[in-house]
Amino acid sequence: MVQTQETSQAHAPTLPIPAAVAPKSIAATELRPWGSFTVLEEGRGYKIKRIEVKPGHRLSLQMHHHRSEHWIVVSGTAKVLCGDREIMLCNNQSTYVPQCTSHRLENPGAIPLILIEVQNGEYLGEDDIVRFQDDYSRG
Numbered sequence: 111m112v113q114t115q116e117t118s119q120a121h122a123p124t125l126p127i128p129a130a131v132a133p134k135s136i137a138a139t140e141l142r143p144w145g146s147f148t149v150l151e152e153g154r155g156y157k158i159k160r161i162e163v164k165p166g167h168r169l170s171l172q173m174h175h176h177r178s179e180h181w182i183v184v185s186g187t188a189k190v191l192c193g194d195r196e197i198m199l200c201n202n203q204s205t206y207v208p209q210c211t212s213h214r215l216e217n218p219g220a221i222p223l224i225l226i227e228v229q230n231g232e233y234l235g236e237d238d239i240v241r242f243q244d245d246y247s248r249g
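The sequence shown runs contiguously to residue 249 in our numbering.
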């Protein structure tokens, strides 16, 4: 006769994450004339967005005083102006936009451009945008 014995492993206690540090799942989509963005997650010092840019459209030439951004292309082609540099990015390529640097994102392709944007900084509000030029006459 074979006897089996169940053993229970002691689990380490889970410590609560302070509310100021705990990530917030947002998943709220905002429409823009150039496409849309969805905030996927936000926590202290970072925000993660899914950005979709319609074919032939571009975001304003802009900069941010309080945040930097990392862009990772998921599908489509991105034309990126960052400072005085212009680059093209395809699927699985990425770039970094430093704080206080003028930049623009454009979709020169025939399919929607989808990318993931990771923002880092002390303030991540949508009002931290200085627009230098905008195709949609936003201030």
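Any given hint could be a false lead.
Restraint ranges, calculated between C-beta atoms of paired labels, are given here [said to hold, decoys possible]:
hint, residue 1, residue 2, range
1, Glu140, His176, 18 to 28 Å
2, Gly235, Arg160, 30 to 40 Å
3, Ile182, Val240, 32 to 42 Å
4, Asn230, Ile197, 17 to 27 Å
5, Arg154, Ala220, 14 to 24 Å
Simulated from the structure, these hints should not be mistaken for lab results.
Built from N, CA and C at the ideal position, the CB exists for glycine as well.
Hint-by-hint comparison with the structure:
A hinted range of 18 to 28 Å holds for the C-beta pair Glu140 and His176, which are about 19 Å apart. The supplied range of 30 to 40 Å is broken by Gly235 and Arg160, whose beta-carbon atoms lie about 19 Å from each other. The hinted window of 32 to 42 Å between Ile182 and Val240 is violated, with their beta carbons roughly 24 Å apart. A hinted range of 17 to 27 Å for the beta carbons of Asn230 and Ile197 is consistent with their spacing of about 20 Å.
A beta carbon spacing of about 39 Å between Arg154 and Ala220 contradicts the range 14 to 24 Å that was offered as a hint.
Going through the hint list in order, the structure does not satisfy hints 2, 3 and 5.
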